[in-house]
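Position chain B with the ligands relative to chain A; hints supplied.
The primary structure of each chain is shown beneath.
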Amino acid sequence: MSDGFLEIDALSSYYGDFQALFDVSMQVGEGEVVAVIGANGAGKTTLMRSITGLLSNEAAMVRYRGQAIGGLRADQIATLGLSMVPEGRQLFPSLSVEENLIIGGQIGRRGPWGLEAVYRLFPVLKERRSQQSTSLSGGQQQMVAIGRALMANPDLLLFDEISLGLAPIIIKTIYEALPGIIGGGMSAIIVEQDITRAINVSHRVYCLQEGRVSLEGSSKTVSREAISNAYFGV
Amino acid sequence: MDWLNAIIQGILLGGLYALFAAGLSLIFGVMRLVNIAHGDLIVLAAFLGLMITTTLGINPLLALFVAAPQMGLFGYALQRWVLNRTLGDDILPPLLVTFGLSVIIQNGLLEVFSADPQKLNAGSIETASIAVPGGINIGVLPLLMFVTAVAVIAVLQWIFYRSALGRAFRATSDNQDIAQLMGLNKSHIFGLAMALSLVVVAIAGIFLGIRTSFDPAAGPARLIFGFEAVIIGGLGNLWGTLIGGIILGICQNIGAQINPGWQLLAGHIAFLIILAVRPRGLFPRVDG
Ligand SMILES: Nc1ncnc2c1ncn2[C@@H]1O[C@H](COP(=O)(O)OP(=O)(O)OP(=O)(O)O)[C@@H](O)[C@H]1O
Ligand SMILES: [Mg+2]
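Protein chains in written order, with my numbering: chain A, 40 to 273; chain B, 29 to 316.
Just chain A, same shape as in the assembly:
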């Protein structure tokens, strides 16, 4: 699928002299859910940081709706409708739960998501709205992180590790909420360690290995064997 919604073209990313991504190319279509899998250190977070502008790149390496955004700052990219649930949640400890959500929406993009909609999705957050975000359990913090990203009414949502460090019951809750989030035509890139979940929730899947794309395919048809080859580089 290549409708020019998000196109990543021969992306190389560096931390100083260390090259973390090598010629990564990837497409996400409008309304499409793409899973990114790969072992620890494969470069998944680096890819997310490059797309959202936290790592700067050459402009043409990342195109969004035809616009070269690779050289923009993260705050400029955010206003275009890209939003991220970062790895490890990374809530603002000085802000209450509700303030974390409000600041997620302060870009002022219109859309279905607002405080009430987030509280409908995760009712427990409404009870905790005035608490410091750090006093919440890991699962509740992940809900805040998801709510904070949704508040921006993004067209493309990036999830870096939905289930990392969460109890199975919480992971289940969050995956049950997922269709309600991305069912509305939102595009998504989902980084997930659990390959079965990644394949079930996505249209297409990319596997990264040591900074390179080692597999790309339709989630319906890709074989487990191909995935484990791409994952472990056997």
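Where hints are given, some of them may not hold.
What the hints assert, rightly or not - Selected chain A positions facing chain B (Cβ under 10 Å, derived; list incomplete):
1) 66
2) 118
3) 139
Unchecked claim - To be clear about the criterion: a stretch of chain A counts as covered by chain B if any three or more of its residues have a C-beta under 8 Å from a C-beta of chain B, and this derived list gives those stretches:
4) 124-134
5) 202-208
6) 239-245
For the record, the hints were derived by calculation from the structure and aren't laboratory data.
Ideal Cβ positions, reconstructed from N, Cα and C, are used throughout, including at glycine.
For chain B with the ligands alone, coordinates are given in the frame of chain A:
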């Protein structure tokens, strides 16, 4: 009565010290920048007040309303085009650059205004006082300065904890990367923080100039008083900074009461004692 008087005057003086400190505290809180030039910026504001009063022929208390926005704009520009470039993982560059700025401001003022002490003349309000029971006179001007200091702290507190701007300050202070993901341009946010800091500096500088004489070399001592008030009160706590300023003012005045030469020494000793007993200050911010 002399002692009681010394304490009351010390409290009022503490308000001025809290004004010296508030802008310093704000900048450190938002961007972990220790602004070595803070005291010199206060003195710069006093000279700016002097220029405004002489050219427009208005009372320095009115000149404040001209000086404050000018200092705010200057702060924004300074942050965006100079100081932001120095911020990073290394804490040394901003220290060196603000130290350099301190030297530049002192020498620039010396060049333009000479080393002669100057004073801002606020007119009859300077000598007006209110007699309170017990034979103590409270100067209207020190009282006005104290009330202003309390109001400034209250407004800063409100901005920091109740407004969208304060939310952006706190978020950026917590995690600059994630704040950028929320659409906040940190260069701009830091610029706004410095603008706010220098508006408070303008108030502090003009009050300083009305209260005492000042010269181009008067900045570093103001920086020290500001630092001491911030540290005594506890980093990151604005009301604590006010109390820190008051404690400093009281100790200085009590010291002066014992022996006029001991005024500054008494303040520094109080600071050192508090630092030794409570290294994080009296009211450190409790991180959740
Ligand atoms: N800030 C950094 N500075 C230097 N190297 C880094 C930095 N962050 C990541 N790396 C390196 O870049 C490579 C890719 O890391 P990245 O975090 O993108 O992997 P990942 O696929 O997200 O891993 P994980 O599954 O552990 O989250 C790794 O070799 C890592 O050590
Ligand atoms: Mg990662």
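Tested hints:
no.	hint	in the structure
1	66	violated (23 Å)
2	118	holds (5 Å)
3	139	holds (8 Å)
4	124-134	holds (count 6)
5	202-208	violated (count 0)
6	239-245	violated (count 0)
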